[in-house]
Amino acid sequence: MKVKYRMKGMNRFYRQVRKTSENTQKAVQRELALSSLRVERKAKMLAPWDTGWMSMNIYSDMVSAWIYEVVSPAEYSIYQELGTRYMAAQPFMYPALQEEYWTLMRRLSKIMK
0 MKVKYRMKGM NRFYRQVRKT SENTQKAVQR ELALSSLRVE RKAKMLAPWD
50 TGWMSMNIYS DMVSAWIYEV VSPAEYSIYQ ELGTRYMAAQ PFMYPALQEE
100 YWTLMRRLSK IMK
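Be aware that the sequence shown starts at 0, since it is given in numbering that gives the first Met the number 0, and climbs by one per residue.
Please note: incorrect hints may appear among the correct ones.
Said to hold, decoys possible - Computed cross-link-like contacts, DSSO-like style, restricted to lysine-lysine with a CA-CA straight-line distance of at most 27 Å: (1) Lys43 / Lys112; (2) Lys41 / Lys7; (3) Lys43 / Lys3; (4) Lys25 / Lys112; (5) Lys18 / Lys112; (6) Lys112 / Lys7; (7) Lys25 / Lys41; (8) Lys18 / Lys41.
Said to hold, decoys possible - What follows is a list of derived Cβ distance ranges for each label pair: (9) Lys25 / Met86: 13 to 23 Å; (10) Met111 / Thr83: 35 to 45 Å; (11) Gly51 / Tyr85: 18 to 28 Å; (12) Arg84 / Arg29: 16 to 26 Å; (13) Arg11 / Gln97: 14 to 24 Å; (14) Ile110 / Gly51: 17 to 27 Å.
Simulated from the structure, these hints should not be mistaken for lab results.
Just so it is clear, CB atoms sit at the ideal spot from N, CA and C, and this is done for glycine as well.
Full structure from sequences and hints, please.
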């Protein structure tokens, strides 16, 4: 099972960035990479800790120059994130993304000015 969290408005932003200089595009790509690492780090800090396997195996991966994903490969990650009917959710990925969202938006707006 897979859960994807997407940021609204990124397609429109991508089209705007493509019209800018190559240096600006590289700066945006660099910031996206750094942002994915910050989400990874925060998700590792927030992940429930029993044996530590889940939090130690969270990683960020570049899908393309403009798309990054942060993955928790533990099979039970989805149950920790969303909960079950017997267990309350202990979200770690979504709060990490929420926390990073405004930081990323602020930094991207500085680059684009």
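Checked hints:
For a cut-off of 27 Å, the pair hint linking Lys43 to Lys112 is broken: about 33 Å separates their Cα positions. Annotation: proposed proximity of Lys41 to Lys7 holds, straight-line Cα distance about 21 Å (limit 27 Å). Proximity of Lys43 to Lys3 is assessed by CA-CA distance (about 17 Å); at most 27 Å being required, the pair is judged to hold. At most 27 Å may separate the alpha-carbon atoms for a hinted pair to count; Lys25 and Lys112 meet this at roughly 15 Å.
For the proposed pair Lys18 and Lys112, the alpha carbon gap of about 13 Å is at most 27 Å, so the pair holds. With a C-alpha separation of about 20 Å, the suggested pairing of Lys112 with Lys7 holds against the 27 Å cut-off. Restraint check for Lys25 and Lys41: the C-alpha separation of about 24 Å stays at or below 27 Å, so the hint holds. Restraint check for Lys18 and Lys41: the C-alpha separation of about 32 Å exceeds 27 Å, so the hint is violated.
The given range of 13 to 23 Å is broken by Lys25 and Met86, whose C-beta atoms sit roughly 44 Å from each other. In this structure the supplied range 35 to 45 Å holds for Met111 paired with Thr83, their Cβ-Cβ distance being about 42 Å. Between Gly51 and Tyr85 the Cβ separation comes to about 23 Å, which falls inside the hinted range of 18 to 28 Å. For Arg84 and Arg29, the hinted distance range of 16 to 26 Å is not satisfied, since their beta carbons lie about 43 Å from each other.
Here the CB-CB span from Arg11 to Gln97 is close to 21 Å, well matched to the stated 14 to 24 Å. Judged by the Cβ atoms, the range 17 to 27 Å given for Ile110 and Gly51 is violated: they are separated by roughly 36 Å.
Hint violations for this structure: numbers 1, 8, 9, 12, 14, all remaining hints satisfied.
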